[in-house]
Amino acid sequence: PSRFKQFLIYTKRDFMSKISNTQYIVLNLLETPILAFILAYVIRYIADPNSDIYIFYENENIPIYLFMALIVALFIGLTVSAEEIFRDRKILKREAFLNLSRSSYLFSKISLLLLLSAIQSATFVIIANSILEIRGMYFDYWLVLFSTAVCANLLGLNISATFNSAITIYIVIPLLMIPMMVLSGAMFSFEKLNRSVGSFNRVPLIAEFMITKWGYEALVVHQYKDNAFQKIFYDIDKVINNANYKTVYYIDELEKRATDLIDLLPQKNNPETQKKIADRLAVLRKAIINETSYESPSITFDKLDKLTINTIDETTVYAIFDYLDRLKSHYSDIYSTQSQKRERMISFLVNNNRELYEAKRRAYDNESLADLATKTFEKNKIVQYGDELVQQYDPVYRDPIPRHYLDFRSHFLAPRKHFLGMYFDTFWFNLVIIWLMTIALYITLYYESLKKLLDFFGKIKIPSLKK
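Last residue of the sequence shown? That's 510 in the working numbering, and every number before it is there in order.
These aren't lab readings, by the way, just hints derived from the structure by calculation. Source: prediction; values computed, not measured. Where is the CB? At the ideal position from N, CA and C, for every residue including glycine. Any given hint could be a false lead.
In silico DSBU-like pairs for lysine-lysine, Cα to Cα no more than 30 Å straight-line [said to hold, decoys possible]:
1. Lys311 / Lys349
2. Lys299 / Lys281
3. Lys346 / Lys371
4. Lys281 / Lys418
Derived CB-CB ranges, DEER-like [unchecked claim]:
5. Lys311 / Val393: 57 to 67 Å
6. Ile221 / Asp356: 53 to 63 Å
7. Ala90 / Phe499: 49 to 59 Å
8. Ser173 / Asp365: 56 to 66 Å
9. Phe499 / Lys311: 54 to 64 Å
10. Val291 / Ser336: 18 to 28 Å
11. Glu431 / Asn395: 38 to 48 Å
12. Tyr67 / Ile210: 14 to 24 Å
13. Leu449 / Ala139: 41 to 51 Å
14. Ile221 / Lys299: 38 to 48 Å
15. Ala90 / Asn395: 22 to 32 Å
16. Arg130 / Leu496: 16 to 26 Å
Please take these sequences and the hints and turn them into a complete structure.
Here is the structure:
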């Protein structure tokens, strides 16, 4: 039969096998609603001990809910698929001589798992989001959880096709899940991990391979900036916060380094002093290039070629001071203008209907999520990392500066991602990444790459220590 006909036969056989197992059907259809109810009910927090009125804005557990929802999708996606191919081994062995299509078999498995994951994700979101009163984002949450579950399905199928023991399969699952939890960005800040793993200016490379990182970032950023209340102010807040950072922290730090140069230049021939001068110049040079190329190209600096250890002099340093003064004035004007504009917006909304304004804020915005997305309590607002001054707060208001045309990496909770010279909304970009990872997992499944890799290492003989 044709591949499509084989796909239909495989699908029908697998479907009939599943619905004949009542325990399988009941467990897989009820576990997500039950988990959703338990999770949402337990974390439905009312801040005022003297009130019975639930206010979404005051629920401190919303960031935890976003993380746990992803973990549920990941765990169920893995467990529901982890034995799918393993259970069929005897049948597949008997049918091997028929030269049937492997892709038809795999697509039949995947299609049923996709259907099951879609139902499970939908029931979870409908129940949990309703209890927690997360309004207007049912489809968005479903899309992230469904995408995560499908990726987990493919990962589970890879495990199922690789190992020859159910016990081994269920030992491997937590070994996969724990790194995904640790490197999701929810449990630990990437800036505060071991230096061989963590990073100050962007997500660590190893975390870029974690489904949970992409899913959690998508949910947090989307819930914060695109809810019905915050999206009114987000664009203007982004401009205000960026201008405030530049005037209060960034330019001040650059001025300190320029002042250091004035003090260091008289001892320019001292080897130790030269290192300090080179450090200050590297920071200033990179900052000025970023500003003139990306942030504020209208504020020019014409002595960039003088910012080297051999050509730097006092005249150039004073030119740096002049440039920084103009830059600070530029950002101060932006801050003042946009802040006034924001105040007028709020005055209009409050004067028009104060009750509606307050009700919308309490119903759609969440204080704890805002603290997470803006890193309100971060003590170190700015740090030097290599030749770069790195902003350590307001990540959700800061666009990443690409290092090259194909650079898509960024700091955690960036509102947009760069790729191919363009910027894309984080929510949709992260979803695309999750589906690309899913496709990659299908390719490894089709070619049994993981099994072949393990077989290869299994053939390596370890030299005996006995003589």
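Item to check | List of violated hint numbers, smallest to largest | outcome: none
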